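Peer 1: The chain contents come next:
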Amino acid sequence: MFYREAGQFRTSYGQDSQIFPLRQDRFAMLALLAVAVVVIPYIASDYWLRALLIPWLIFSLVALGQNILTGYAGQLSLGSAGFMAVGAFACYNFMLRVDGMPFLVAVVLSGLCAAGVGIAFGLPSLRIRGLYLAVATLAAQFFIVWALDKFGWFKNNDPSGVITAQPIVILGYAFNTAQEKYLIVLAIVAGLALLAKNMARGATGRAWMAVRDMDVAAEVMGLPLMRTKLQAFAISSFYCGVGGALFAFAYLGTVEPSAFTIDLSFRILFMIIIGGVGTILGSFLGAGFILLLPIFLSVLFHAVFGQTVDASLISAVELIVFGALIIIFLIVEPHGLARMWQLTKERLRLWPFPH
Amino acid sequence: MAGFQFFLEVLVGGLLSGVMYALVALGFVLIYKASGVFNFAQGAMVFFAALSFVGFMELGAPFWLALPITIGLMALLGLGIERFVLRPLVNQHEITLLMATIGLTFVIEGVAQLVWGVEVRRLDLGIKDQPLPWLADNAGLFISQIDIFAAVVAAILVATLSLVFSRTKVGRALRAVADDHAAALSIGIPLKRIWALVWAISGVVALVAGMLWGARSGVQFALVFVALKALPVLIIGGFTSVPGVIVAGLIVGAAEKLAEVYIGPSVGGGIESWFPYVLAILFLLVRPEGLFGEKIIRRV
Amino acid sequence: MFNVGIGRTLRGLMAAAVVAGVSLAPSLAQAQAKEQYFGIPSYRVGAFAAGGSGFFGGIIDYLQYVNMKEGGVNGVQMVWAECETEYNAARGVECYQRLLKRGDQQMHIFEPLATPIAYGVLNRVDDDKVVLTQYGYGRSDAADGRVFPWVFSTMTSYWSQISAKLNWIATKEGGVANLKGKKIAHLYLDSAFGREPLPVMRRLAKDWGFELIEIPVAAPGIEQQAQWLRVRQERPDWITLWGFGAGMNSTAITSAARTNFPREKMVGVWWAGSEEDVLPAGEAAKGYFAAANVPSGKNFPLVQDIEKVVYGAGKGNLSDPKRIGNIYWNRGVTAGIFWIEAVRNGQRIANKRGQTLNGDEMRAGFEALDLTPARLKALGIEGMLPSFKLSCSDHEGSGSVKIIQWDGAKWNIVTPDWVSSDRKMIREMVEESAAKYAVEQKITPRKC
Amino acid sequence: MTVQLHAHARAFPIGGPIIEVQDISMAFGGVKALTKISFDVRKHEVRAIIGPNGAGKSSMLNVINGVYRPQEGTLRFAGEVITGITPRRAAHLGISRTFQNIALFKGMTVLDNIMAGRNLRMHANFLEVAFRLPRALREETENREAVEEIIEFLEIEHIRKTPVGRLPYGLQKRVELGRAIAAEPKVLLLDEPMAGMNIEEKQDMCRFVLDVNDHYGTTIVLIEHDMGVVMDISDRVVVLDYGKKIGDGTPDEVRANQNVIDAYLGVAH
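Chains as they are written, first to last, in our numbering: chain A, 1 to 355; chain B, 356 to 655; chain C, 656 to 1103; chain D, 1104 to 1372.
Derived from the structure by calculation, the hints contain no laboratory data.
Small disclaimer: the values here were computed from a predicted structure and weren't measured.
Incorrect hints may have been included.
[To be verified] Here are some chain A residues pointing at chain D (derived, C-beta under 8 Å):
hint, residue
1, Gly202
2, Ala207
3, Met209
4, Arg212
5, Met214
6, Ala217
7, Glu219
8, Gly222
9, Met226
10, Arg227
11, Gln231
12, Ile235
13, Leu281
Even for Gly, the Cβ is constructed at its ideal location relative to N, Cα and C.
Take these sequences, add in the hints, and give me the full structure.
Peer 2: Next up, the structure:
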């Protein structure tokens, strides 16, 4: 009975174009943020922060990037992990080679590097579409990893060919503990998510979707196809790049290029498909699903069978169940978790009165 | 060794690897042609097929028995996938379908390792993976017997498939389906039956590819990665053309070997991982629909 | 099809239920007893599962053995929890965090047998007081305990291995002098792992005057036509194969056969020297050499005793007992030995006999690792491990390998004595590299 | 059907030519689609292009806004030669259009579709939009107001927030018209705006078209099959047949034109 929009009238177009037109939604969102900032750092264990929440936020950001490109602008890409790699290694080198480089600046710069690379690999999209484009973007995936792996300079010629992220210091304050890292990640992700939401519901997003839905018509209306597509590639890659930088600095700490495999790219694409194509919320839900489900299964099975069952058996079953759940999910709700959430809300609005 | 002769050997070697890629790509094409699904699970199917085959032989089944059993198994797998994964997803967006097949990959990999274990096995087809003596002695060319064998098998496979498509009733139906699902339905072609059939066939194709790859580099998980080798072949050949993938396979094989041998050393080598994809992009910029793919006509 | 899988699962689970009923009984009885907890980040699915299941199986079997044979270490029972990493950095980190604490118990040793995972946790272990062991992989410069207090490259690093391997090749050629003008090709997986030995090789190529040819193989390496054409072109005298995963290794060997390159001139890294790596190659693998940090085989008293005690009681971890005594499993057993020896030392040093150790005590125990010939004999592993001693500054210890050769059915040891590396040169390189790392990471090396 | 044609004096009296088509010819492969077509469109008038199927009507429109590029002939807009411009350039010049088979952005709401129609009037770049800087906000609100006017004018307030994909055909046509006029074009090209509509829908659409012409003085070039409609609402009519011009003039003149009767009307009725 509490989820009602009755009595809430939008009196100006400004109000109507708010992110959350419904008061309840606004409150819910603020409450959620408050919890995320104030409560979680204190109640969550190191395990939760380091192993679940931080990677979840980071991958939500990357999924967001993928969603901008694939969900909104309709360009199917499989290069996300590659762009993450660019971000990670760019950030490392900025911190390494520019002394006194502020961390946040380095992060932004590495995002820009990724954006540049993204534009380069986005060029084929001007001529290729659909699955062909998807396979073509694999070139980015493989080439980037190869190049980072091959040329020692990117890794400061570390004999083991890995980079070790420098400590995160902002305005003289070092972010060392899991809590601190979590908060910095949360801040960056929340900020970028807000920007993404603004673009998505603004003129920028309309241009993307126009190109996605009917590019000829879009052009006839004066929309620059090329610029819009490349812009989508750039922004998407920027998000992936920042995600990659955080992946290296706030999550793993030490990474090698081969950490950004094609498998990762696929999982990122999974995140938006499962979460909901062309929705901001979906990126978060999807990232959670794809990242946490296998962990949940593994914890569950080990809790149930412990050391009594051949662990190889458990691992195999985990894999099977994971794949099966994805398939079942795609069959049940091809529009993703975001749609499910939306439908539940619709029902809540009418509850308890059936229409 | 003489420059040209070496070049020749690189070329031939490349072409023969190309055949191996094409064999894997073939499975993709069949399914995409018939049902518009880009079946990423093909790689896993190759792995599963080979593994099951040696598995049955380990259980004591002789070659002549293990083969039909595995064929049946793969056909069944194909039918199962069509029935329980893709039919419920019919008319979904191509990305959704692609994703479903990737999910399928996990399932198949899991089942394979659950049923047959993770041990690496070897598969002996009785053909030596050694250079043809007389070629080596006379021409100084080192061409492995198994590569020749693979090429022959591939040729036979393609020939049979094209015969099936062009001569038989089913084949004509399939072509109709490939051209236009709705139309095919309207003239009373049993779409579902055709799909099921194609999935079964692609399962068998996977088995053939799996056995040849398995004989070369052992039956093991790494076989799932052969799918990656097939992707550039697919874009160049076009998702819908059987002759396309064969030609494209040869192109990719030859090109990547030549590149690795002649360009590779100057940039530190290992460029095989991405070179085919770059090649594919260049190709697409010229022919967005691939070598033999149907031209995409888009009207205002 | 799926039914087969499910069927097998069900049967597995039913069997498990029965086993559970049996095995729970004793563990309940010892609930009061002191326990030392270990976290085991294994990988039992995916491309490297064959190795993973063997190695971690070996560790678990040895822990089990210690519990059953002598009731643990001075009465302290070994207990452990397992977690599937799929050889994947992110999953590995999650496992590390998950395994780190269990109830009030703490994990003090982490052995992922995966370079990416080791790197993923490298800068966490200091805070968590976890000993990160890299059994024959990972950063070679971790051997410098002053810069890497919590990381161990026990007992032989990649750099030592390649050095030892080249020493052996030199002796085969009748002395270093004879290597002058010879060609040695390094056929490696095109990754950090594959390039790791190159610094050493380049240096020795200069010092000894042989020509080094570097031939990278793109992952996953199940197709090496181009690389072997280069081999044909260059006609090297020796090939050092630096591959990982049965896919690449067996393909390299079969490709050698395809190009008529003598297998007796190929020496593999130990990740290319297990049964899984050569079996798929069949006949082609006959005569192929590999370096081994631990040789395979059952003719070690300990191995036979484990088979008797643990597998005899049906508590073995390998689903297929035929794999007892193969390379990966033996490696696992010896890894387990390091752990247990560390526990013994720790209890002695901290004189907490019969009590659970904390992180610092465990590290102290590990740094006090001293496998004298006598001790090796006592453990029943003479010839399975080299005799070596760790210290605060030396986290590597041995730096020597055995060369083994595949006869088509099994690995045979061709160097009864351990082939040692150029310890001095390697140590110099280690300290140099570690110092660079220390500067980059603003670490002040501890005094030893 | 009857529609009051310009009952009152026109707010925007018909002026000089704004579009001049001169000897335009083009062919696809060997097939001639248009041969030496010449006609002009005057400011503020409603100009119809009629003709049997395959007469080249759509091709003509596509030439005018640059979707097709003619092999021969010249095209003038407000006196300036614009032969072979790009569609985008055409849009910037103020040429807007609808399509024979609806080309709406199916995934977007009615509101967003029409908003998208005004993209040329929104200059904020993506950063301004992302950070909601004043210009972006101002443009959003201003244009939103204009769009709401159009929505009201087309009587589609109730479906404002509905994704167009879910709308019935007739309404979609209406939304597409809305998107086209949202750009406040000088010239509006309508490709069979009433195809496949029932009588009422057609009447509505006629009204909208005429109102657009009246209120905004938009010059309208429309292709239509329904002779009744054409004759009722258009000031002048061009008749094409097999890519050739066979008639040009006021509805009455065209009705009287023998070629037209033979080639077209005779067939039609």
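Peer 1: For every hint, state whether the structure bears it out.
Peer 2: Status of each hint after checking the structure:
Taking 8 Å as the C-beta cut-off, the interface hint given for Gly202/A holds, the closest approach to chain D being about 4 Å. For Ala207/A, the interface hint holds, the least distance from its beta-carbon to any beta-carbon of chain D being 6 Å, beneath 8 Å. Checking Met209/A against chain D: minimum C-beta separation of about 5 Å stays under 8 Å; hint holds. At about 7 Å, the closest approach between the beta carbon of Arg212/A and any beta carbon in chain D falls short of 8 Å, and the interface hint on this residue holds.
At a threshold of 8 Å, the smallest CB-CB gap from Met214/A to chain D is about 5 Å, leaving the interface hint in force. The criterion of a C-beta within 8 Å of any C-beta in chain D is met by Ala217/A, whose closest approach is roughly 4 Å, and the hint holds. Annotation: Glu219/A was flagged as interfacial toward chain D, and the flag holds, the nearest CB pair being 5 Å apart, inside 8 Å. Because the smallest distance between the Cβ of Gly222/A and any Cβ of chain D comes to about 3 Å, under 8 Å, the interface hint for this residue holds.
The criterion of a C-beta within 8 Å of any C-beta in chain D is not met by Met226/A, whose closest approach is roughly 10 Å, and the hint is violated. Taking 8 Å as the C-beta cut-off, the interface hint given for Arg227/A is violated, the closest approach to chain D being about 10 Å. Among the interface hints, the one on Gln231/A holds; its C-beta lies about 6 Å from the nearest C-beta in chain D, closer than the 8 Å criterion. Taking 8 Å as the C-beta cut-off, the interface hint given for Ile235/A holds, the closest approach to chain D being about 7 Å.
Below 8 Å, beta-carbon pairs count as interface contacts, and Leu281/A has none with chain D, the closest being about 16 Å; its hint is therefore violated.
In terms of the numbered hints stated before, the structure departs from hints 9, 10, 13, listed from lowest to highest.
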